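A.B. asks: If you read the protein sequences in the order shown, they are chains A and B.
Going by the working numbering, the residue at position 210 of the first sequence is 210; the numbering climbs one at a time, nothing skipped.
Here the working numbering = 1-based position in the second sequence + 336.
Hints may contain errors.
With a straight-line cut-off of 25 Å between C-alpha atoms, the simulated BS3-like cross-links for lysine-lysine are [said to hold, decoys possible]:
no.: 1; chain 1: A; residue 1: K34; chain 2: B; residue 2: K421
no.: 2; chain 1: B; residue 1: K363; chain 2: A; residue 2: K27
no.: 3; chain 1: A; residue 1: K235; chain 2: A; residue 2: K257
no.: 4; chain 1: B; residue 1: K663; chain 2: B; residue 2: K513
no.: 5; chain 1: B; residue 1: K629; chain 2: A; residue 2: K327
no.: 6; chain 1: B; residue 1: K578; chain 2: B; residue 2: K629
no.: 7; chain 1: B; residue 1: K578; chain 2: B; residue 2: K594
no.: 8; chain 1: A; residue 1: K327; chain 2: B; residue 2: K473
no.: 9; chain 1: A; residue 1: K27; chain 2: B; residue 2: K370
no.: 10; chain 1: A; residue 1: K290; chain 2: A; residue 2: K27
no.: 11; chain 1: B; residue 1: K663; chain 2: A; residue 2: K74
no.: 12; chain 1: A; residue 1: K290; chain 2: A; residue 2: K190
no.: 13; chain 1: A; residue 1: K25; chain 2: B; residue 2: K594
no.: 14; chain 1: A; residue 1: K66; chain 2: A; residue 2: K85
no.: 15; chain 1: A; residue 1: K190; chain 2: B; residue 2: K421
no.: 16; chain 1: A; residue 1: K27; chain 2: B; residue 2: K621
no.: 17; chain 1: B; residue 1: K621; chain 2: B; residue 2: K475
no.: 18; chain 1: B; residue 1: K621; chain 2: B; residue 2: K593
no.: 19; chain 1: B; residue 1: K663; chain 2: A; residue 2: K85
no.: 20; chain 1: A; residue 1: K74; chain 2: B; residue 2: K361
no.: 21; chain 1: A; residue 1: K34; chain 2: B; residue 2: K361
no.: 22; chain 1: B; residue 1: K578; chain 2: B; residue 2: K475
no.: 23; chain 1: A; residue 1: K85; chain 2: B; residue 2: K473
no.: 24; chain 1: A; residue 1: K85; chain 2: A; residue 2: K25
no.: 25; chain 1: B; residue 1: K626; chain 2: B; residue 2: K578
no.: 26; chain 1: B; residue 1: K621; chain 2: B; residue 2: K551
no.: 27; chain 1: A; residue 1: K177; chain 2: A; residue 2: K257
no.: 28; chain 1: A; residue 1: K25; chain 2: B; residue 2: K410
no.: 29; chain 1: A; residue 1: K327; chain 2: A; residue 2: K66
no.: 30; chain 1: A; residue 1: K85; chain 2: A; residue 2: K34
no.: 31; chain 1: B; residue 1: K421; chain 2: B; residue 2: K361
no.: 32; chain 1: A; residue 1: K74; chain 2: A; residue 2: K34
no.: 33; chain 1: A; residue 1: K177; chain 2: B; residue 2: K361
no.: 34; chain 1: B; residue 1: K361; chain 2: B; residue 2: K473
no.: 35; chain 1: B; residue 1: K629; chain 2: B; residue 2: K475
no.: 36; chain 1: B; residue 1: K473; chain 2: A; residue 2: K25
Think of the hints as simulated: they come from the structure by calculation, not from any bench.
Keep in mind it's a predicted model, so treat the numbers as computed, not measured.
Number of protein chains: 2
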Amino acid sequence: MSEVRRDIVTDTWVIIDTENDSIPKTKAQQAPEKDGCAFCEGQESRTPNEIYAIRDGTAANGPGWKVRVIPNIKPILRIEGTLAKTGVGVYDMVSGVGANEVIVETPQHLIRFSELPDEQIRLVLNTYRMRIDDLHKDKRLRYVLIYKNHGTLAGASTVNHVHSDLIALPATPVRVKQKLSGAREYYGYKERCLFCDLMFQEIEMGDRLIFQSDKFVVIAPYASRFPFEVLILPKRHMYSYKLIDEDEVFDLSQVLKKVIGIMHEVLEDPPYNLILNDSPNLLPKTSYWKTIKQDFHWHIEIMPRIYRTTGFELGTGFYINHYAPEKAAGVLRSHL
Amino acid sequence: MSEVRRDIVTDTWVIIDTENDSIPKTKAQQAPEKDGCAFCEGQESRTPNEIYAIRDGTAANGPGWKVRVIPNIKPILRIEGTLAKTGVGVYDMVSGVGANEVIVETPQHLIRFSELPDEQIRLVLNTYRMRIDDLHKDKRLRYVLIYKNHGTLAGASTVNHVHSDLIALPATPVRVKQKLSGAREYYGYKERCLFCDLMFQEIEMGDRLIFQSDKFVVIAPYASRFPFEVLILPKRHMYSYKLIDEDEVFDLSQVLKKVIGIMHEVLEDPPYNLILNDSPNLLPKTSYWKTIKQDFHWHIEIMPRIYRTTGFELGTGFYINHYAPEKAAGVLRSHL
């Protein structure tokens with residue numbers, strides 16, 4: 001049998017196959033390694049000039065860094081230029097103003113995020129905060145998305161060296177708008193944060209709870225779009241990742257390492273995407289700026305890309321998930 | 337440079353890389369061939385009983401058919417049962433009522449749709465119409481989606497024998513709602529069909545026009561989500577595929593064979609999805625039933641799955657397309 005479940009945040013539906021018991025597996029494939037990786041320490045001259053780096057007094061664009069942020073060498077959006085809207089017949093177009101950065105997460109040529117030492121993950125998480133904070137100063141930018149693609153099936157590019165991608169956009173993405181609107185509607189009705197309520201319910205029910213730390217809760221979402229999808233929520237209500245404190249960064253570094261580690265173990269190194277779902281840049285001219293601090297609650301999604309989406313997903317915007325989140329949570333819990 | 341283009345129908349955005357000139361290629365991979373295919377003529381006893389077939393007087397569930405429709409052997413939704421909505425804490429769930437059928441498009445073990453004779457494609461297109469018409473009689477079903485997955489990267493399953501999938505849903509999909517709402521808004525403002533206007537504009541501008549036949553127009557959409565995405569629109573305004581006439585079926589069979597054939601030639605057998613975008617089941621209790629006949633215009637989308645979607649697409653609902661539709665149209669035109 002199957003259940004058609006509604007994602008309460010985005011108001012979309014997922015068909016969950018509740019009968020299947022076989023754990024789907026697909027190993028993450030990496031791009032072929034080329035001669036020398038431009039993201040490794042000592043190769044700094046092969047990348048564009050760094051935007052930000054964690055360094056111990058060493059000079060920019062040379063060795064001696066711990067985390068390094070550089071512009072994407074083939075940026076899909078550029079920071080230069082004015083934001084111009086143009087009509088093309090019945091169509092609308094905006095010039096490609098934005099930012100496209102790469103966060104290189106270690107000077108060593110490692111491929112898996114879960115192989116980084118805790119301390120290194122903390123530096124990465126602090127870098128995320130710094131970059132969001134900095135880019136939000138540019139009022140043309142409506143949204144900053146930080147994400148990871150591990151394995152070619154998750155859309156990883158030609159560089160295997162562990163890194164995150166950052167894209168800052170001149171428009172609020174449709175999926176973010178769906179989430180904001182779901183959260184606002186719920187708050188309007190209940191006067192409580194949807195994500196806080198959802199977190200307390202999952203802790204109480206327990207069947208989709210994977211684990212909790214002092215500061216975070218890790219669950220398999222009720223309407224998971226992908227098998228073994230994971231949602232990480234901070235226990236403290238915070239509308240933006242910018243508000244994360246040092247204790248939470250410390251805790252989150254351990255949580256991330258643990259959850260990606262057990263996913264790696266259970267699914268045998270699956271391709272996956274990690275997405276930092278932050279609130280948009282809070283600009284007074286946007287419709288949500290007054291209520292967002294109470295309605296929204298930042299979170300991280302991790303989505304193994306074991307199944308390929310089909311014409312069904314493209315045609316409907318709905319998803320089919322062949323492995324129930326309750327079973328996924330059980331399997332992941334048993335590997336803690 | 338890139339352009340951020342708005343999809344006027346769905347109100348979503350696509351970032352188009354307008355600089356890249358290299359044509360992306362990925363060959364469609366098939367599942368390993370197993371001993372004997374259950375979809376081939378003579379193997380009827382290995383499938384569930386047929387729902388519909390085009391036969392010349394031969395008995396059901398034996399050989400002697402031209403097109404055969406069977407239930408999916410592992411249906412994700414089933415026609416039996418009552419449509420029950422249940423609450424699970426803050427969540428909503430609907431029982432998995434619907435239909436999940438397979439349209440086997442030829443008795444021979446062919447793998448590519450464009451290898452079917454014209455006459456066979458006509459029978460397939462008539463079968464699509466019959467199945468939609470029949471399933472719309474069930475008032476629990478809100479939407480019938482027919483689609484094709486070619487190649488494992490497009491989500492093709494383990495059977496390579498050329499077929500289409502059909503899923504009938506108890507809810508109108510979010511992507512269909514977006515299209516209906518974009519079309520209705522445009523009609524409300526202009527008192528003209530959005531798709532008719534878009535088609536006339538593309539014929540006039542010409543740079544995204546691939547070709548036109550007597551009854552259909554084939555274009556590379558302005559905000560294509562995927563490189564070499566193709567949109568096929570009937571010239572006659574029809575809200576539903578159910579209204580297609582015999583002349584249009586004849587014309588469409590040639591158009592489909594031609595466009596998939598040149599796509600195969602230019603991109604060297606790419607994985608792709610084909611989606612028949614029809615209107616929902618017209619039920620008086622739905623909000624759109626009164627206006628849909630004037631607003632909506634059925635169409636077919638074909639999407640090569642050469643690039644894998646990344647965390648960007650999953651996190652935003654926006655797409656990045658590395659090959660401009662104007663260039664794609666030019667390349668496809670040059671192979672006509």
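A.B. asks: Starting from K177(A), check that the Cα of K361(B) is at most 25 Å away, please.
C.D. replies: Violated - the C-alpha atoms of K361(B) and K177(A) are around 34 Å apart, more than 25 Å.
A.B. asks: Does the alpha-carbon distance linking K190(A) and K421(B) stay inside the 25 Å limit?
C.D. replies: Satisfied, since the Cα-Cα distance of roughly 21 Å is no more than 25 Å.
A.B. asks: Between K663(B) and K85(A), does the CA-CA distance stay at or below 25 Å?
C.D. replies: Between K663(B) and K85(A) the Cα gap is close to 22 Å, so the pair holds against 25 Å.
A.B. asks: With the threshold set at 25 Å, check whether the alpha-carbon distance from K25(A) to K594(B) stays at or below it.
C.D. replies: Not OK: K25(A) and K594(B) at ~37 Å, beyond 25 Å, violated.
A.B. asks: Taken at face value, is the distance from the CA of K34(A) to the CA of K85(A) at most 25 Å?
C.D. replies: 41 Å, violated
A.B. asks: What's the verdict on K177(A) and K257(A), does the C-alpha distance respect the 25 Å limit or exceed it?
C.D. replies: Answer violated: K177(A) to K257(A) is near 30 Å, above 25 Å.
A.B. asks: Tell me if the straight-line CA distance from K327(A) to K66(A) falls inside 25 Å.
C.D. replies: 39 Å, violated
A.B. asks: Quick one, are K290(A) and K190(A) close enough, alpha carbons at most 25 Å?
C.D. replies: 17 Å, holds
A.B. asks: Are K27(A) and K621(B) close enough, with their CA atoms no more than 25 Å apart?
C.D. replies: Roughly 47 Å separates the two Cα atoms, so the pair is violated.
A.B. asks: For a C-alpha distance cap of 25 Å, please report whether K621(B) and K551(B) respect it.
C.D. replies: 33 Å, violated
A.B. asks: Run the distance test for K34(A) versus K421(B): straight-line Cα separation, threshold 25 Å.
C.D. replies: 54 Å, violated
A.B. asks: Verify the proposed pairing of K235(A) with K257(A), using a straight-line Cα cut of 25 Å.
C.D. replies: Holds - the C-alpha atoms of K257(A) and K235(A) are around 18 Å apart, at most 25 Å.
This entry does not satisfy hints 1, 4, 5, 8, 10, 13, 14, 16, 18, 23, 24, 26, 27, 29, 30, 31, 33, 34, 36, going by the numbered hints stated previously.
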